[in-house]
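Student: Sequence:
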Amino acid sequence: METLMDKLFEPRRNVVCVKPTRLGVVTDGVIALKKPDLINLFEGISSEFVLIPFLCNGMHWCSIMARLSTSEVFYYDPMLSCFGNQAKAVAKTIQPLLSPSGSTRVRVRPYVFSLRTQTYSYNCGLFVLVAFEMFCGASSPGVRRSLGHQ
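In terms of UniProt numbering, the sequence shown opens at residue 1 and continues consecutively.
Hints should not be assumed to be uniformly reliable.
As the list claims (entries may be wrong) - Listed below are the simulated DSS-like cross-link pairs for lysine-lysine, each with C-alpha atoms no more than 25 Å apart in a straight line: (1) 92 / 7; (2) 88 / 35; (3) 19 / 35; (4) 19 / 34; (5) 92 / 34; (6) 88 / 34; (7) 88 / 19; (8) 92 / 35; (9) 7 / 19.
Worth flagging that the hints you see were computed from the coordinates, not collected in a lab.
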């Protein structure tokens, strides 16, 4: 995940990618990283897009995507499963850190786009990476034929 994220987004100055190892495993919606470290992680971020992949319970990739220019935080679960509740909890934890002055209200909502729902349990990481690309402005990869849909 980290290697592909670096290749895809490192050249873009308006994108900040938080390494999955920084947050640790999310268990039942709780981030492993301690609160002071979490605050330091987001301190001073001014890029337009913030991308945060994470593992729910060590077995399923979900993500948080923030668009700071519009004060929005999105959570994404490729399977639209109960892991979405964990992703939402993580988004709610991160929400106040993206507007530390409290002057701007940051909205949290699910990320909905034209990619189909993940149906195989092994390709959630790929879905998260495609969601990141589309969130940052890439076109849809071809909804039906891409990502192993037969």
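Student: Let me make sure I understand: some of the numbered hints might not hold for this structure. Which ones are they, in numerical order?
Tutor: Failing hint: just 1.
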